[in-house]
Structures are given as structure tokens and as C-alpha cells.
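Participant: Bring the two chains, given one by one in their own frames, into a single complex with the hints.
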Amino acid sequence: MDAPNASDDFIPAGLAAYGIEADEIELAVIGAAHQTFWPPILELLQLDTSQVPVERNPDLSQAPPSR
Amino acid sequence: MSEPLDLSLREQAAAIAGGEVDAGELLQACLAGIEERNPALNAVVETFPERSREMLAAAPRGPLHGVPVVIKDEWPLPWRAQRFGAAEMLAQTAPGESGPYRALRDAGAVVVGVGNMHELGASSTGNISVYGPARNPWNAERCPGGSSSGPAAAVAARLVAGAVGADGVGSIRYPAAYCGLTGLKPTFGRAAMAGHHMAGISTTIVSGALCADAADCRLLDSVLFGEELRAGTPEGLRIGIVRSEVSEDVAPAVGGACEGAIEELRRESGGTVREIELPELAAATLATVLIANSESLGGVSVERLNHLDPELSPIGRGLLKYRVLLPAIATIKAEQVRTLARRTLARVFEEVDVIAWPTVPAVAPPLEAPLVELPSGALTADEANVRGGALANLTGIPAISVPVGSSEGLPIGLQLQAAWGQDELLLDAAEALERANGRRWVEALPPAARGAETLEA
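Residue numbers (our numbering), protein chains in the order written: chain A, 42 to 108; chain B, 15 to 471.
Hints listed in this document are in silico derivations from the structure and should not be mistaken for laboratory results.
There's no promise every hint is true.
[To be verified] Every beta carbon over 10 Å from chain A, so not counted as near; a handful from chain B, in silico: (1) E25; (2) P77; (3) E289; (4) E349; (5) A450.
[Said to hold, decoys possible] Here are some chain A residues pointing at chain B (derived, C-beta under 10 Å): (6) I52; (7) G60; (8) E84; (9) L85; (10) D100.
Bear in mind the structure is a predicted one, so any value in this text is a computation, not a measurement.
For each residue, glycine too, the CB sits at the ideal point set by N, CA and C.
Chain B with its partners taken away, still in its complex shape (with noise of 0.2 Å):
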């Protein structure tokens, strides 16, 4: 058998319910990789070893008895409230018991450690942080994505098997596709959200599994949602694809490996491919970060903003000031704007079963500069990214990123997405695409993982 930590979040789970794994062991081997490994990476920000002791202790035996994970350090955990990898909040917080800690105690995991953040949830590349950025595993110059940036990078380290991220515009799909992962961004209200400091506020955030493959999100996701998302196998599965921005603003080599990665999910299911018109998603982009915005001004006030911690990154400092500037009438657009999205998604989805296109337009930018070279031109990854990940976080339907590619050694995500309710159909999707594809990019170590082999285009 293979070392514990390399195995998946499903085999380790299974080996630990069979006896072949000590669970102990595993959380020591676990720590120990984080000790030796997170330095070059930074996608743990802390680790608790009593408290994942205690909690591996207490672990009933559930789906994830014994098996270590990160969570997002955007969720409070009973022992220490988040920080939104942010030296201030705007929000008030305290530990306590999130819906997601509860849903991973429940299943018997164990809490390892936190992971690492974009500051404030509020950009797609993982580079600005109150603990510094965390570092691409497939490469440290390069973002890890963001903003759940930590998760995904411990993930692609095989620092642990799987992590808990949240998506309120692309947060789990960036970092999915930058580092080479399957992330899943849940119907709206299905997956755990309770303890969240926008729990019942924001419209757009879900809570959700970052892991190496579709197999190991349906486990961890089925923790999350509180109920088994069940296995099938797409037949005739329609696609739809959409000629715009988003599928033909990208770099040539994530495009090709987009149109290979679909006609492969065509054969494999036996299914169609059409084009598919959304008149509204160009406006969609603008209005999902309008709602995200106006749901986050709660906590602000006059006082506050004058008084902003000076750790928090100029960005962050002024960004925060920005929204109070944006028109309460653009907002109302905005909500118009949604509900015109939903109605023709609705009437996209009787014709077709998914949606793709790629996740992001281009592989991992620069930590330092994270732009972006589209056929359009330079563009901050920020805007690029936001033009194919918020339709989802706008309208509440489930999408998910899954590795298909590889360009300048870094991985290419493609972006599925289906029908409210449809998370199952997605993770269906995404293991007929693994099995089209030979397990290729699902395999694939970065450098940063024990026993890395080079990503091959």
C-alpha cells in the first residue's frame, strides 16, 4: 500500500474503517508533513495538534472517521474565530461552531489546520494575505488562486486529501483550476453555511470540498450537504457551450485543451455539444460583484473605515472605502440583472444538461504581478477570472472546475455547470471526463508533493 498521506481522502477513510491505517499515526504523519512541507507553501496558516488530537478522540465513526482536513480560514472553529486572511474585519466574529466544522466532526474528521486566504475573500489569485501569500504547489512564483487559496494549495501538496473552502464569487473554482484540483461550488443553502459571518446575508457564498478528484469532493461534499450525493453515469449528456468572452477571450493552449476536454466528455457519455446563447453574461459579472458588495457593507461604518488596521494590505483599505462610493440604483440593476439570468438558465438548462467553458482564461499568473496575456490583451487575472466564475455565484447553480490540461507546467481547469440542484449530475460529469482522460490530470503531482512527476502538456 501506498504512504497514508498519499493516498486519497476515500482510501484513506477506507483504510482507517478497515484497520490497515491507524488514524493516529495518519494525524501524526499528517502534522509532520505540514511541518516539513507548508514552509515553501504557506497554505496552513495554523495547526492546533492537541485540539485534532482531541477531536480524532471524540470521532464517531462516520464517513470521514480519522481522516485529516483543512478548513478555509473563513470559518470559526470552536477554539479560534476566523480572520478572512484579513488584519481586520468588518464583521463581528468569536470561535465557535461552524456548520462546516460541525458537518466534519459529525462525519468524524479531524481538523488538521486553517488554511490560508486572499485578504477579505476578495480576489481570485491567493496574493495579498495577513499571513503572506500562500504559493502555488505546481509553481511558488506563481498564485495559488484565490480566495480560497490555502485549501487548494494543501490539497496540491498533499498536505491533506481534501479541504473546506467557500465560493461566493469563484473562491473554490479559481484556486481549483490554478492548482490543478476538482472544486465544487454547490447549489445555493445545500452545502453547510451556519457560523459563516455572512450566514443569512449574502446571496452569493456556499460552503465547499476542494480535493484531487471528483470521487473524493462527492465524499467530502456529501459531509458538507448532509446527505449522500449519489454516483451515476452520464448518458447522452448535452453540453452547451457558449461563443463569447469566456470561451474564446483565453489563452490558445487553456482553450484547446477546454474544446479537446469537451469533445472527450461528448464521446465518453455519448452525448451532444450546442451552442447556447446568455444574453446576460457579460452584465451578470458586473452585477454578481454589485450584490457580493452591498451585502458586505453592514459592518461598515464612518468610524470604521477611518480607523482601518494598518496591517490591512492599501488594496484592501481602499477597496473596502470604494463600495461605499457604488450607486444603491446600480445594485437594483443588478438584482434585475439576476433575475433575467436565472429565467434564461432555466430555459438554457431544458435544452442542455451542463454548461462549459474554461474556469479561467489563463493558467497561474505571477505572485507578483498577477496579470494576465489574453488574445484582448493584458488584463489584471482578477478581471479575466470573474468573467467565467460569477454566473454561478449570481444565480445559484452549482459548477464545478476540473482539471484538463497543462500549459508551461500549470494546470488548466475546465468549468461545468448545471441546474439548481444539480451537484450529483456535475460530479457524474466530472468522473466521466477522468475516465475519458485516463485519470491524466487528476494524477499529476506538482513539484511540491512527494514523489512529484513534471506536468506534461
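If we strip away everything but chain A, and leave its shape as in the complex, we get (with noise of 0.2 Å):
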């Protein structure tokens, strides 16, 4: 038997909590969308950035001031 899958309930639910009504065909494409990011973003959570301070409004024109 196949595994449940979690998106089956994170969708419905997660757009359910914001009031955000989608069709059949909706829920295809977020779901399709889901089973692509989901797994990197799980990979990004993952990553230990305990020590990175983030740039504060980063000058993007420009080398990050200290390396």
C-alpha cells in the first residue's frame, strides 16, 4: 500500500485555514507545484545557518561588505 501522502492533507488544510477556495484543476497544479518544492524546501530547513547572520537590506549592486 502506498504511503499516505502529506500533501494530500497540507494543501486542503493550509488553504482551508487562509479562507482560499481552489477547483480540481487547481489543486493539480498546487499539487504538482508542492511535490517540487516541497522536498528542497524540507532540504533548506535542514541546513544548520545557526551562524549566518542575514544581510540587512543587502546592497545587491555591490560585493557584501565583510566576508
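Facilitator: See below:
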């Protein structure tokens, strides 16, 4: 038997929490996007960035001031 | 002399300035060319001959005096609000003078039409638009690239010699590669951006030129930058390459053409090639998408999302709704990845002058099913393309796509990236590549252009 797909719950529950309606085709699109984005998002969340300060309002026209 | 429409952007400007070409006749010929050849391409979604004639009548004797150009449907004009390729935008728009429009007007250029684009700027393919998709001049059944699909198709078909696009996640470079053009994504903040509905909000979007070759890009980008981008000859160019999926999980023909071009560039400049490490490259792709998505959420409300225009594509509607579900913590992590990637690049650019890899891993896919076949398997073109396109937008560095070959009768593009503010170096390197290959690829014309010859590998 296939393992339950987390997105089966996440997507309808998430949309419902915001009160966002979606038809069947939109749900299929959202499901496909979720399959693409969610695994790398989970990987990103595993990244230990505790020592990485976020550049506040970085000047993207230049190299960062300190390396 | 060739037909004026067949001249390059700089040749058109010089011929008008020298009195060899009448700007009014050029405008008329350009409009006639669009009327005759655009229906097969859908590159230009609107012309406004009276407005164009008024622009010409008032045009100052600037560097583009009398030269017709196309501008992407991402920028407002005084007589037309942008539609962003969509039936509905979440941002407020109105007719007005955008930065690129002002720059063009003040340079004496004539805006002759609006270029098609992918709906909401949300894809690298250009296969969805409220106007119907633009088509690739090399093969009308293939994607022109996105999101600046119409500007690229218009220049590739020689409807105009130059067009202004925008690049938030590769949107100038992908269509440049698919259509066989040169396209520069400037350093963040260097090119005109005022009037864009995301100006002051987006940290990834820039305006930039799409032209047949680097010298034309230099001219049009000089106008968009508001400063002359001086030409130089790169000597001893230090070229960095990355051994990762951006250079290795690519179609063999693309990989071969790009490796050959890198070697040509090395030889032409008397330079070196060395491997470099970019540990954040894979994470940078997702980080860019997350940041770009979060920045576009300002106009979102549940009410708007529940009453989207039914003419928006189902993909557009679904993606707009999915954005709301993306967790804030992921965006914070994405900002940290940006910090790390910028630090890494700052170190890398002490050791190399440019970083090179294929702009896109495969040639333009079919419009009907934009999938690409890579060594790792079949992927959507968007998933594959963003791997190599996102880093420059995330970090702010400039990047250029240069045509370097062909496969299946479709162009192949090499991407070069440089340190912040080194836009001129990228143009110099692109011109060095053109010299090295005898301008073979920048002078190749697609079947949809007059006098076209088949592109042979």
C-alpha cells in the first residue's frame, strides 16, 4: 500500500486555514508545485544557518562588505 | 547597403545619424514588417503607429535617434499599462513613464511595439500568455523562452534590432539562449527600473537588452544604464567552471558546444580555465524562487485569490494560491543562503574574472510540452533552467547569455557571470567570443527572418 502523501492533507488544510478556494484543476497545479518545491524546502530547513547572520537590506549592486 | 531593417541596432543608429537612412521610412518599414511577419510569431502584442510617429517627431538626437525598439509587456508606457502577460495582475498598474521608457525616449529611440511575455513572468518557457504564446523564430513549434519571450522572438526574427526585457529569475537569458541572441542581465540596480510594479520591492528584477550581438547590447544597455559601457579587450581572462549539474546534467550537444566556446574564449583572451567551488549553488536556486515569490505577495488577499480572473491560466491561478502556503521560515533560510552565496562569490571573483556554464541545459523544448531530456532524465524546462539562471538574481551579479552553437536547428547559449559592476567585462568577453568563432552564431538567421539560411551545427 502506498504511504499517505503529506500533501494530501497539507494543501487542503492550508488553503482552508486561509479561506482560499481552489477548484480541481488548481488543486492539481498546487499539488504538482508542492511535489517540486517541498522536498528541497525540507532540505533547506535542515541547513544549519545558526552562524549566518542575514544581510539586512543588502546592497545587491556590490559585493558584501565583510566576508 | 543592406535593407535598413536588416542592419544591426548600431548600424541603424549610425545610418540615421549619417543621413543614409530616413528614420520615418525605417519606422514605416518596421511596422510593415511586424504586420507581415509577426502573426506567425506573436512576438509583438500591440503596436501604436501614431504614438510611435509622435515619439519620432519629438526624438532628440541621442544615441538611438530614430531607431525602432520593442519593450516587454512588463513596463508601463505613457499610453498603456503593462499587463504582465496576464488577464489579471495582483499589483496596481497604470499607464506611465517607466525608467526604460524614459531612457529610450531620451536617447531618441522609437518604441514601436510591446513584446509578449510569459503569464505573470512565471516561467522560463514563454508557452503561456494572455495573448497566446510567442513562437520561436527558429522553429515555431518550440518555446521562445521566458519570460521575455516576445522581445527575444522579435529581435531573432529581425522585426526590430533591439528590445528591452526584464530578468527576475533568468528571464532575459533563457529567451536569449533559446532564440540565439545576446542578452545581458545587468548588475542589480544598474539599469533603469523606475515604474516597474515591483520597483523598490523586488531584490531580483532588472531591466536589460536583448540584441543580436554584444555590441548592440552594449549600445542599448548604455541607454538603460544612463552611462556609456566602454568597450575593452579582455586579456588573460581567468575563466571559472563548476563541476556540478549546471555543467554536467546537460544535453550532450549543449555541453559540447559550451565547452568548446569556453576553450575558444580562453584562447582568444590568452587566459586560463580553472575549476571553482560554489557550495551554495543548489540551494541558491530554491532560495531565489522563494525570495521572488515572497516579494510578490504584497498585493495578495484572500478576497483577490478567491476571485481571480477566469482568463488567468489554471497554472497561473494555482501557483498564485500555492505561494501563500510557502513557509516564512524557508524565506528566512533563503536570505541566509543569499548571504552565504554572496560571500562565496566575492571570494571566487578574487580568483577568476568570469564563471561560465550553459545558460540552459537543452535547446528550446516544444511549446505543447516544455520538457527537456537530460542525462538525469526528463525534467520540466523550468526545473532544469532555473538551476543555472537563479544565482545571478539571488546575489545581484551581472550575467550574459551568448550564442555559441546549435543542435536540432536550434541555438545553444553560454552564460558568463562576473563580479558586481563588471557588466562591461561580460560584454567584452562576449565580443571576444564572437571574434573567436568568426561571428558565426550571432550572424545566423532563423527561418522566420528574411534572407534566412539554415543554422547548421
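Participant: Hint A/E84 vs chain B: min CB-CB distance below 10 Å?
Facilitator: holds, 8 Å
Participant: Compute the least Cβ-Cβ separation between B/E349 and chain A, then decide whether it is above 10 Å.
Facilitator: violated, 5 Å
Participant: Quick check on the hint: A/D100 CB to chain B CB, less than 10 Å?
Facilitator: holds, 8 Å
Participant: Please verify that the nearest CB of chain A lies beyond 10 Å from B/E289's CB.
Facilitator: holds, 21 Å
Participant: Is the nearest Cβ of chain A still more than 10 Å from the Cβ of B/P77?
Facilitator: holds, 23 Å
Participant: Should the interface hint for A/I52 be scored as holding, given a Cβ-Cβ cut-off of 10 Å against chain B?
Facilitator: With Cβ-Cβ at 7 Å, under 10 Å, it holds.
Participant: For B/E25, is the shortest beta carbon distance to chain A beyond 10 Å?
Facilitator: holds, 32 Å
Participant: Go through the hint on A/G60 and say holds or violated, using the shortest Cβ distance to chain B against 10 Å.
Facilitator: holds, 5 Å
Participant: Does the claim that B/A450 lies off the interface hold, with its Cβ farther than 10 Å from every Cβ of chain A?
Facilitator: For B/A450, whose nearest Cβ neighbour in chain A is about 29 Å away, the distance exceeds 10 Å, so it holds.
Participant: Hint validation: A/L85 versus chain B, beta carbon distance must be below 10 Å. Holds or violated?
Facilitator: holds, 5 Å
When the structure is compared with the earlier hints, a violation turns up for hint 4 alone.
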